[in-house]
Each structure stands twice: as C-alpha cells, then as structure tokens.
Amino acid sequence: MSDDMREAGLEAGAVAEAVPQVPALQAPLLFLSVLLIASCGLIYELVAGTLASYLLGDSVLQFSTVIGVYLSAMGLGSWLSRYVQKGLAHRFVHIELAVALLGGLSAPVLFLAFAKTQAFRPVLYTLVGGIGTLVGLEIPLLMRILRQQVAFKDLVAGVLTLDYIGALFASLLFPLFLMPRLGLVRTSLVFGLVNALVGLWSTKLLRPLLGGVFLLRVKCLVVIALLAAGVAGAGRFTLLAEEEIFQDEIVFSKTSAYQRIVLTHGRGSFQLFLNGSLQFSSADEYRYHEALVHPAFAALEAKGLKAKRVLVCGGGDGLAVREILKHPGVQEVVLVDLDPAMTEMATKQPLLAELNRHALQDGRVKVLNMDAMVALGDMAPSLRFDIAIVDFPDPHSYSVGKLYTTRFYRLLKEHLNPEGFASVQSTSPLMARRSFWCIAATMEAAGFAVRPYNLAVPSFGVWGFSLASPAPFAVPARTLPDLRHLTDETMQSMFAFPKDMDRVPSEVNRLDNQVLVHLYSTEWKRWS
Amino acid sequence: MKRRAFLEASAAAAATGSVACRRRRRGLPFDGELIGPNMELGHAMRDLQLPSASTFEPVDVVIIGAGIAGLSAAWRLAGQGFKNFVVLELEEVAGGTARAGRNHVGAFPWGAHYIPAPSRDNPALVRLFQECGLLESNLPGAEPVVKEQFLVRAPEERIFAYGQWWEGLYLRAGASVDDEVQHARFFEEVNRLASWRDARGRRAFAIPRAKCSDDPEMQSLDRQTFMEWLQRRKFTSQRLYWMLDYSCRDDYGSTLETTSAWAGLFYYCARKQLRKDGDAKAALLEDSHPLVAWPEGNGFMVEHLGKACEGRLRTGHAVTTIRRPTEGVLHVHAFDVKTKAAVGFQARKVIFAGPLHVANHVIPSLWEARPEGLNDFIHSPWLVANLTLRQRPDEPGFPLAWDNVLRDSPSLGYVVASHQAMKDHGPAVFTYYYPFPDADVRASRAQLMAMDWKACAQLVVDDLKKAHPDIERCIARLDVMRWGHAMVRPKPGFCWGVALQQAREPVHGIHFAHTDLSGLALFEEAQDHGLRAAEEVLASLGYAAASWR
Ligand SMILES: Cc1cc2nc3c(=O)[nH]c(=O)nc-3n(C[C@H](O)[C@H](O)[C@H](O)COP(=O)(O)OP(=O)(O)OC[C@H]3O[C@@H](n4cnc5c(N)ncnc54)[C@H](O)[C@@H]3O)c2cc1C
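Chains as they are written, first to last, in our numbering: chain A, 1 to 528; chain B, 1 to 549.
A couple of the hints might just be wrong.
Capping the alpha-carbon separation at 30 Å, the derived lysine-lysine pairs in DSS-like fashion look like this [stated by the list, open to error]:
1) A:Lys153 - B:Lys466
2) A:Lys413 - B:Lys147
3) A:Lys153 - B:Lys465
Hints in this document: simulated from the structure, not taken from any laboratory.
Bound-form chain A, shown alone (with noise of 0.2 Å):
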C-alpha cells in the first residue's frame, strides 16, 4: 500500500502521467466492479481449498496452502503493478479476461489433473498463484485509473470498503448456496462470465480511457461464450470427472452430517470411499475384514473361551460383523458407528448389504450411532464384551485421533472382560510406522498386552493390526477352517515384521496431546 500511496502522492502533479486527463468516468459504476471482481477473486481461492480438500483429504493443509499460496501472490500481483506503466484501461479489461479464463476453468482442471495427470499439486499452485498474482493487480490498477477522478481519501475508502463487502458476500455465499446449488464446477464458471463480463463491461465504462475497443470487445465475447459453454455442459463434466477420479461407475454417493460416501462398481468389484479415500474394495475386503476379525476370537478360543458378546466400533459397512457372526457361539453383537447414513446403507444398498450378507439385519445385531468416546463413557459399567473390534478411520483429524488416545483405549479395556480380547486397525506399518507403533505404545500404556500383526491388502498395501487383551496371552495358532485368506499358517505368519517395519520407539497419544494426529499427516504426506 505504502508504496501505491507514495507513487501516487508524487504522481499527483506529475507530467509524465500515464493516464491521460479525461473528464467524467463513472465512477459509482467503476466501484461496483470493486465488489464484483472481490467476490469473484475469494470464490475461487474458496473452489480451490474445497477442491483440494475433497481430493486429498486433510483441509487444513489445503486449505492452509491455497490461501498461503494464493495471499503471497496477490502481493506479488499488487508489487508488480508499478511496472504497468501506461494504458492502464486496457491492462484492466485483460488482466478482467485472463482472470475469468484461469478463475471460471480451475475447477475444470483441476477436476482433470487429478484424474489424467500425476501432476495434480503443481497444477494447483501453479493456478492459485496465477489466479493470486492477476487479482492482486486489479485493484491498484483500477485504483490508479480512478484516483483522477476521486479525491484520494475517498478513494481508498471507497474502494477497500467495496472490496470487504464483495468478500463478505462471497464468504456467504460459498457455503450456504453455490456449493450446495451449483456445486465446484459450476461455481467458477459461473463466476469466470461473471469476471469476463466486468471486462466487457469495462470497455463501456473506460470508453474514453480506450482508443479503439472493437478488437478488445471481441475477445470479451470468445471468453464469454467460452465459459457459457462450460456452464451448460459442466452438468456432465462433473459426472465424468467424479467418474475419472473413482475410475469406476458411482452406483451411491450421498453427503451426511459427517462425510461424503461414494459408492462405485466397475470390473467385476465395487468399492467404498468415504471423503474421497478408499474404505475398502469387494476384491480384496476379505483378507481385510478376516485379519481384523479371526485373529481375536482365535486367541480368546485358546484359553477355552467362547465368545457370546462382541463390541464393534465404527465398521458400519457390517463386513466385520459379517465374519463374527461366522462363530457359532456369538450371541450379541454391539455395532457402534457414528454415521446413521452408513449403517443405513450397509442395511438397505444392495451390492453392500449383499456383500456384507445382510449382517446389520441379524437379530443378534443392534446398532447404536454415537461416538464411540461418548458411547463408552455412558455405557453401564456393568456391560463388558469378551470381544472388541476397533475398525476406525485413520487417525487423519483431532476428533478420530481421539479414539486412538490412553484414554479410549482405557475404557475400551473396562467393558472387556479380563480375558477378553480387542483388535484395532492400526494404519500402515510400511507407510506410517512411527504412527504404527505409537497406537501399540499407546495401547500398552493404557494397561494391554499388545501382538501387533499385518498382512498385505492389495487395495491398500501393507497393512496392520494391535491385538490386545488385558492378560499376556501367546500369538494365537488355530482359525476358522473355511477362510477365504486366513489359515492356521498363514495367522501365525501376520504376527512376524519384517525389519522395515519392525517397532520404533514412540510417544503415548494421549487426549491432551494428541500426538498421534501429527505424526500420521507427517508420514503419510511422504506418499500423496
């Protein structure tokens, strides 16, 4: 600012002026293009972190990032304006053009890089910076323009006040209509014409600041029309897109209170995704769910056990509980997930429910949607369960990666038996190992004897399980004979860790530190 202020402090009087004196712009009207173009600038910084989140997941990095990125450019963009130094009208209408082009096509190709291209992130800033360097231009340009014809002090209230309310409005209108109406794609195109119509309507408005405005208003019109064409045919583009992205045909998809769920089908397998990351594939689920499952009942069978009550928290697509219910001796079945739309469509969605051989629809079944934290805290201490299986989300937000703390896994071990035993997801040993060990590091602090286990998942990778129970207990040796992955050998075989992935000193994740959330985003930032 400073520097604007000075330039035009000297300039006042100047003779190399570069604007030309010309009597009467329209100023009221000129200011209205402030709050238009604000509007527009924050909507696609917003289209971009929302983008960016719903692909990557993680949206304070995103989000974090793209403003980051976007902020520094605007400043570059305002720095750079000194070194326009003459036919400031016509650089406005251009740089209005260039914007609505890069601003009203980013979600469109942003969409698209990340389906076709391995490129997605540079694609992204490179965006974001462009979008941020061409807005932080605008606005002094369009200052220096009317600073002839608005006194100075008026002219900087003017225009930041304008500038403000144009990104109120946009900051409420993001979330509360355009994303919920017109969606990503629409919502920059729509505000790409809104941008290329400024332009167009500023060779009216700088009339007499433009010599001949023919050929500029002809380009106007190409952006125009171009954009035009996008909004009506964005309606397909976002299926492709979404379709590109999943690779596979949606069959289901629905926003809940808590998450996006994509259910697509394709090559003979279907597969979930929940806020755009893989849950699981029908191809290879199996091997998932039994090595969750199987491992537990064996080692409390060893001691010459049955298990009757068995506790599940979250897995509310119901394959978990689809392999306990093939232990004969289970008499109920405690299913807690946070979602009512998952478990609804675990029930009701027909490949899953088949998939998962309508398990939620058992009477030994009942489902509570709660927090597993607040769900346990308010159990009566009485219940206790000879079996627990932990099947969360990765430890991606502050409000999993409480489940993941002491004092989860404190109360998890009041509502088992003495004897009994829990099996936990615990990310990847290979791609997250610090994160690994630290939720064994956590379980053992919190009083469990802990035999951490994997397997190879090939939707996923390598992948890994803590199997605990409140008493030492050896590595279980004898499953269920009819598995589809699982045997006798192969059970016992998990428990080994190759040294890659062997254990590693760890801090205890605890409720008021939460460390484990750190350390997950730090590790798993290595492989996106």
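Add chain B with the ligand to chain A, keeping to what the hints say.
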C-alpha cells in the same frame, strides 16, 4: 478476502463497521434471554428498602454467599464434623461466578470454566481433587497426576487472524525474528521469576497467593503497571503486547495499562511446574500446569462442594444486614426472595463470603472499622453469553479447539463447552466472554447494564461473524449474563496494599472469605479464603483443627 498486503487497517475497520451497522437494524433469527444476577434485589438491598427480621433462628455459624469461597468454608466445617451452620445465598442457584447452566445440548459455565492442575504445594486443592475422583495418582513427594479425561483435550487453543484459524494462542504466522526473540526473552524472565526464592525459601509467585514471598523486591512489581514493566525491559513487540494484554483481559478483565505488573506476571509465573523445588534448570524445561476443565466449567466443583452443605444451603436468601445486639451475638437479617419475608438468624460467628462491595452495604459497623479501605476495591464488568448451536459453523484453517480466540476483537472469543464432553459433531454450546477492561469501571458498568438482550446478542453475533460469517444460521439460542461486578481488579498498588491486608481481618466475629481478598479472581484464591475463614472460626469456637491449607 484480506488484501492486507496492501490495504490500510483503518479503512478495513471502517468497511466492516458499515456492514455491521446495516445488519443491526434487522431482527435476530433466534431466541434467548438475559439471565441474572439478581440486580433488582441487589439495588433494593443497597437502598435499604427491604424489611428486617424480628425473630432469629439460632445457629452457630452463618455463611453468607454460596460461591466457591462460601462453599469451601462449608466444606471445611463439614470436614471437621461441624454441622451447626447455614449457608445463605441470594441467587436461586449456588455457585456465584462459578455457576453453571444446562440445556438439551449439555452443560455450560456462566463464568469460571477451568482450574490449572493442582501442585502438591497446594494441599487443599489436591485434597479436593482427590475427593472428586479426579486424580490418577497422588504419591508422596511427587506431583499429583490428573486423569486424562479431565485435562483439556487437544486441540486446546487457536486464534483467528488474517482470515483464518491458527493453532495456539501466540500468533506465529507473520511474526518477525525480533518478535520471536522478544517472546523467548519474556519467557526467560518468567522462568527466572518462577524459580526465584526468598531467604525463607518462599516462591515469588505461588498459588494460593498467601504462600507468596513478601520480599520488597517482588512487592515493588505491584507498584507499576504491566506495561511500564515491559517498557522498562525494552519489550516492544506488538505481538507480545497483544498476548500479554489478552492474558490480563482473560484473567482479570483489565489491560496492560490497568493491571499491576505483579498480577500480570502472576498469571505466567505461578503456574510454572518445577520438577524439583528450586531446580532452576528444570524450570526451563517444564511447562505450565495443564488445565483441567469440565463442560459445566467450575460448576463441577460447585456441585461437589455443595454436597458438604447437605440441606443447610438456603438459596434465594439475600442477606440484608448483620448487626451485633450484644457482644458475642450476631443477628443476620435476610430476605427470602420466594416468600418475600424477612428471615433472621442468631449466630456466634459469621463468614461473609460475598463480594466486598456487598459487605459495604450489609455490615454497617464495617464503615466505622475501616472508613476508607473498602472503596479501594474495584470490579471489572463482564458479559458472558452461551450460544446453543444446532450445528457447528463451517470454517477454514485449524479446526475447532477448546478455547477459540479472535485477534481483532475486544472479546476473548469463546470456549466450546461441549469439547470436554468429547463431542466433535452436531449441536454444541459456545461460551463467549467479553470483558470491559476500561479504567472507568463505573461508566463501563452503566454501559453494560443499559444493554438489553438484543443489544447484547447483536454484539456477540457481530463479533463472531468476523470468524464465522454463517454463525447466525447455526444459533438456536443465545443467552446472556451481565456481570456488573465480575472480577476484582488488580490495579497497581492493590495486591500488596494495606486496604487488602486490612480487609482480611475479622470484625466483631465476622470473618471474611472471598476471592476479592486476594486481589485476583481465581478458584484457588476463593478456596483458600474459604478454608482460612472456616479454620479461624473453628479455632475461635475452640475446635482443635489441623489446617488443610
Ligand atoms: C466471567 C468469569 C470467568 C471466570 N473464569 C474463571 C476461571 O476460568 N477460573 C478461575 O479460577 N476463576 C475464574 N473466575 C473467577 C471466579 O470469580 C473465582 O474462581 C471464584 O469462583 C470466586 O468465588 P467466590 O466465592 O470468591 O465469589 P463469588 O463467585 O462472587 O461468590 C459470591 C456469592 O455470594 C453471593 N452473595 C452476594 N451478596 C449476597 C448477599 N447479600 N446475600 C447472600 N448471598 C450473597 C453471590 O450471589 C455469590 O453466589 C471467573 C470469573 C468470571 C466472572
């Protein structure tokens, strides 16, 4: 969005101001009400319009006020097996500034909301924590360990600045090297003061403050403002000023200019946990005590301490006058808010655990005893609002924490009451705090009391909109408490002044217990004064009681 890179802050303020004004003319899309404290009654008492009693129920001890101090006194008496007492409380509910509320979403505080984990140097608080089942372990010679679920869970705090939320309270984003250096230098000073000991081995800053050293060097800190102290030490970082000013507002409802340096430093130094006493090097390594909090805030302790009263607590009883008809006999006149009748008690001892400005009105003889002293107590007004949300607002940046602070706001932001209930989804209660730290507390109080519900609610919503543009649509209810005398103010010279020292002395069998008597409004201070007064009374009634303090 934040074109701060090249926009003037003043122009920005003007712009957002104009937006706010425009909204103000419209109605608010939610309900709510103004909650007490019972101001009419307070004024009627002040103006001596209430009837006095003619019959007097005999009782050994009358405790006036069921805040933390009064309840702690009751807890101490009951702990001695002494049951011949009553507790009279003006409000319909116990708790005073630590009281809590509850609705279908959950419990929430109306004032005090946390206590730092106790150190073994404060045995009374350790005893209370132990009794409440809050301790994981309490081994001799070691610091007590609080159970994980009662500690404030991560993320603890975040700050809104530059249009998004950031982790922590000190804004690291955009800090210059000099800011960071000064920040570190400030904490070196804190560590130095925290590990300081006088000739008798007492700490400069200890909790409760009765255990602090009275060394003249440390007392001299009380004779300057916190700002003066900072400037003398060549601290110039605006970020550092912001953080310290925030903590003054947060703890005392005052500013760098209206808080004594001693009190300002107390906030940081008294909470340092030393690994071994006097081990200065350990002090550098050690963090502050972790914070303990409940959804209902310190209402948790109110509930527990209240059990010590077992039917001896009379709420809705405002004490109007205390007289001494003859030596050794005290007549306590109270007004029963429900029956609108005067009620009398004849007591041997009285523990006055109401705030000191009330003592002025109900104890006529006090004026004779200390004519000028009581005028020295001034209190900051506060506005507290509880926002019941249908859903949580959408927002960019670091996720919702327990304590959520707005950098560009006169408020302190909000604490998420539901956080400690482990809830991360769906409806929530936000407790919003807004202190009035100006030097002229009378004017601020008049301003606060002139605000109706709508004006209060509008203030809260306009402020929160800076961070949550969609907050209005999330709010199901917004209830407001206007605390006219929320917290005693530790202005320079007060904490170590004679007025405060005098005010702790009993007068004609009336013993005083209130956090005001520390010059600092804190749970530990209220508890300590409650215990002190109860133990004074036990001793004067001839009970041989070992001190819990
Ligand atoms: C908004 C706010 C936030 C706070 N946050 C914290 C915090 O997080 N942590 C912390 O440690 N401290 C906090 N405090 C400080 C808090 O004041 C103390 O912790 C403590 O609760 C004070 O207790 P007290 O008993 O000394 O006083 P009070 O709470 O003032 O209790 C006095 C009681 O006396 C009653 N009374 C007054 N007059 C009469 C009468 N005539 N007859 C009968 N009864 C009467 C009052 O109604 C009241 O119940 C906060 C205070 C406020 C206002």
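Hint check results:
Our distance criterion of 30 Å between C-alpha atoms is met by Lys153 (chain A) and Lys466 (chain B), whose separation comes to about 25 Å. Proximity of Lys413 (chain A) to Lys147 (chain B) is assessed by CA-CA distance (about 16 Å); at most 30 Å being required, the pair is judged to hold. With a C-alpha separation of about 27 Å, the suggested pairing of Lys153 (chain A) with Lys465 (chain B) holds against the 30 Å cut-off.
Of the numbered hints given earlier, the model fails none.
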